[in-house]
Amino acid sequence: MSAPRARRGNLAVVPVTTREDYAPPAVDIEGAAVRLGGRTVWSSVTASIRAGEFAAILGPNGSGKSTLVRALLGLQPLAAGRIQVLGRPAGEARAEIGYLPQRRAFDSSLRIRGLDVVRLGVDGHRWGLPMPGRRSRAAAARVAEVIELVGAQGYAHRPIGRLSGGEQQRLLIAQALAPRPRLLLLDEPLDSLDLTNQSAVAGLVAGICRDQGVAVVMVAHDVNPILPYLDQVIYLAEGAAVSGPPAEVITSASLSRLYGTPVEVLSTSDGRLVVVGQPEPPAHHSDRHAGTSAARAAGAHGPH
Amino acid sequence: MDDVTFTWNLLADIQQMWALPFMVNAFRAGTMVAVLAAAIGWFMATRGQAFAGHTLALVGFPGAAGAVLLGLPVTAGYFAFCAAAALVIGTVGPGRGRAEESALIGTVQAFALACGFLFIALYHGFLSGTSALLFGSFLGITTEQVRVLAGIAVAVLAVLALLGRRLLFASVDPGVARARGVPVRLMDVAFLLLLAAAVASSALITGALLVFALLVLPAATAQQITARPAIGLALAAVLALVTVWVALTVSFFTPYPLGFWLTSLAFGLYVLAAGSRALAQRLPRRPGRSAGSSPRVRPSSPATGGSIAPGAGS
Chain P
1 MSAPRARRGN LAVVPVTTRE DYAPPAVDIE GAAVRLGGRT VWSSVTASIR AGEFAAILGP
61 NGSGKSTLVR ALLGLQPLAA GRIQVLGRPA GEARAEIGYL PQRRAFDSSL RIRGLDVVRL
121 GVDGHRWGLP MPGRRSRAAA ARVAEVIELV GAQGYAHRPI GRLSGGEQQR LLIAQALAPR
181 PRLLLLDEPL DSLDLTNQSA VAGLVAGICR DQGVAVVMVA HDVNPILPYL DQVIYLAEGA
241 AVSGPPAEVI TSASLSRLYG TPVEVLSTSD GRLVVVGQPE PPAHHSDRHA GTSAARAAGA
301 HGPH
Chain R
305 MDDVTFTWNL LADIQQMWAL PFMVNAFRAG TMVAVLAAAI GWFMATRGQA FAGHTLALVG
365 FPGAAGAVLL GLPVTAGYFA FCAAAALVIG TVGPGRGRAE ESALIGTVQA FALACGFLFI
425 ALYHGFLSGT SALLFGSFLG ITTEQVRVLA GIAVAVLAVL ALLGRRLLFA SVDPGVARAR
485 GVPVRLMDVA FLLLLAAAVA SSALITGALL VFALLVLPAA TAQQITARPA IGLALAAVLA
545 LVTVWVALTV SFFTPYPLGF WLTSLAFGLY VLAAGSRALA QRLPRRPGRS AGSSPRVRPS
605 SPATGGSIAP GAGS
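So the sequence lines, in the order shown, correspond to chains P and R. To convert, note that position 231 of the first sequence is 231 in this note's numbering; the numbers rise steadily by one, no gaps. Position in the second sequence (from 1) plus 304 gives the number in this note's numbering.
The reader is advised that the hints may include incorrect statements.
[To be verified] Not everything, but these chain P residues come out facing chain R in the computed CB check (under 7 Å):
1) L73
2) R94
3) R111
4) R113
5) D116
6) G124
7) H125
8) R126
9) P159
Hints listed in this document are in silico derivations from the structure and should not be mistaken for laboratory results. Cβ atoms here follow ideal geometry from the backbone N, Cα and C, with glycine treated the same way.
So that you can see chain P by itself, here it is in the shape it has in the complex (with noise of 0.2 Å):
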């Protein structure tokens, strides 16, 4: 699923290299740290993401999975390293980025169409008033075109605040994807769904990042419904990282190193991971599941 790296001439004497080896990675993070009122949330995250990647955040509650999200948007200065992003500093990239937030969900009375929904995504951003003319009529077509993708068209006419999460999920998906970005950052959207929903929507994120060969960063409570598709891993824990293919990432040796404590990754017989022995999230951070038990810190990966 990854970008042919470094395909080299078998008779030439000089390398042939492709044109995508010097296209700069979708995502680069050089030993980044970000500090948030006095404590390091996390430091010397180094990883690469090429275009036509899928890659996922992973780590405990308040591990700063999502201020990564926010690092890479440039919306989080860092205190140390540097984060490119599509070849330029983080920040100046926004316009290629496809973002979905954490967790929105629309409130049930708003009247406004799954359709429109979409649609702020291809020129939201412009000033004035949407004038019909060919760049309305490209936006339109633009907009019908995604939420195909998604397959959404039995319900895009509706009032989004009457659709199911996963429906909201599925028009967002086509929202962030609408202005044709080159980078996709989804922070946990899978949470919320129930599982054949999970498994769906990571299906249709894996298909997209496939396809369209647009790099994919996944925040993820859960590697389990992903996991068949990632080829990165960045995983977040105790204020550190460790970055790369899952098989080597989600590991007891690699994961004991980076709480620093014996954790233990399990196998069950259905091929999910599960990781056992993590520490506790540290009690001052103030993620949303702050507080919570042994089992659900322990369950990060686990089945729920």
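Please build the complex by placing chain R on the supplied structure of chain P, with the hints as guidance.
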């Protein structure tokens, strides 16, 4: 007004009304206020800021009372107080969570009303004017006020058209709008100022207490009928215009006050729209539509096929 009688010759009725300069002014002002309040009201309903709008309306009352006390034009009092309150709510309120923001708005409202009472107490014998400030009147709208209203209406609608899409984006989806470079906080303050201008204009006709007849009801009625933003905005304006024109005419020919007619008409239209919508939802849906909207998951979707973590149930 006891010498005017309604005939079924509508043209003659209108000629009779418009022979009086104050009625012409009332229609001019009412027309501008209707369009302004409906457009701003549509955004207010979409943003769920009715409480802020209500407070700005009440703040207009001490503004007007204070202006009368100081011998200044009533219009100036409305606009100054509304704009000041909008700035307080818009700059202090955000980022504090919904509960604290509404507490702040409530505080502003209570303090403003208290000031209004103080101003009335200081201005002895003001009581007859109070009712017009609170409940509206079409009498005594001066040509000067009509000019001021026209300027404000043009300015507010121009700014609203300029902000249009960005404001809708910031209202519906602030997180994504911010990520796309829309200054959401600035949009919040800008909208509250536009809302203040619309409320102050509207209060000249409807009085401070009945501003919602034009600010909320036409927009809410339009939203019952359509979920399309452009059509909803246009429909709200049409409904507000009909409400104002009919209410002005009826109150001219009857002894009952304008505010009552305005509110009753707008309310009647809302009940009609909400009632027909509820009725339409009870009727069996056309098969084509319900088939398309019922499945929540489309297992046949091309992108979902393939290997999903086996046994995802737990």
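Hints versus structure:
Hint status for P/L73 relative to chain R: holds, with the closest Cβ pair at about 5 Å, below 7 Å. For P/R94, the shortest C-beta to C-beta distance to chain R is roughly 6 Å, which falls under 7 Å, so the interface hint holds. Among the interface hints, the one on P/R111 holds; its C-beta lies about 4 Å from the nearest C-beta in chain R, closer than the 7 Å criterion. Hint status for P/R113 relative to chain R: holds, with the closest Cβ pair at about 5 Å, below 7 Å.
Annotation: interface hint on P/D116 holds; nearest CB of chain R at approximately 6 Å, less than 7 Å. Because the beta carbon of P/G124 sits about 3 Å from the nearest beta carbon in chain R, less than 7 Å, this interface hint is met. The beta carbon of P/H125 comes within 4 Å of a beta carbon in chain R, closer than 7 Å, and the hint placing it at the interface holds. This hint holds: P/R126 has a C-beta 6 Å from the nearest C-beta of chain R, less than the 7 Å allowed.
Hint status for P/P159: holds, given a least beta-carbon distance of 4 Å to chain R, under 7 Å.
Going down the numbered hints, you'll see the structure goes against none, and every one checks out.
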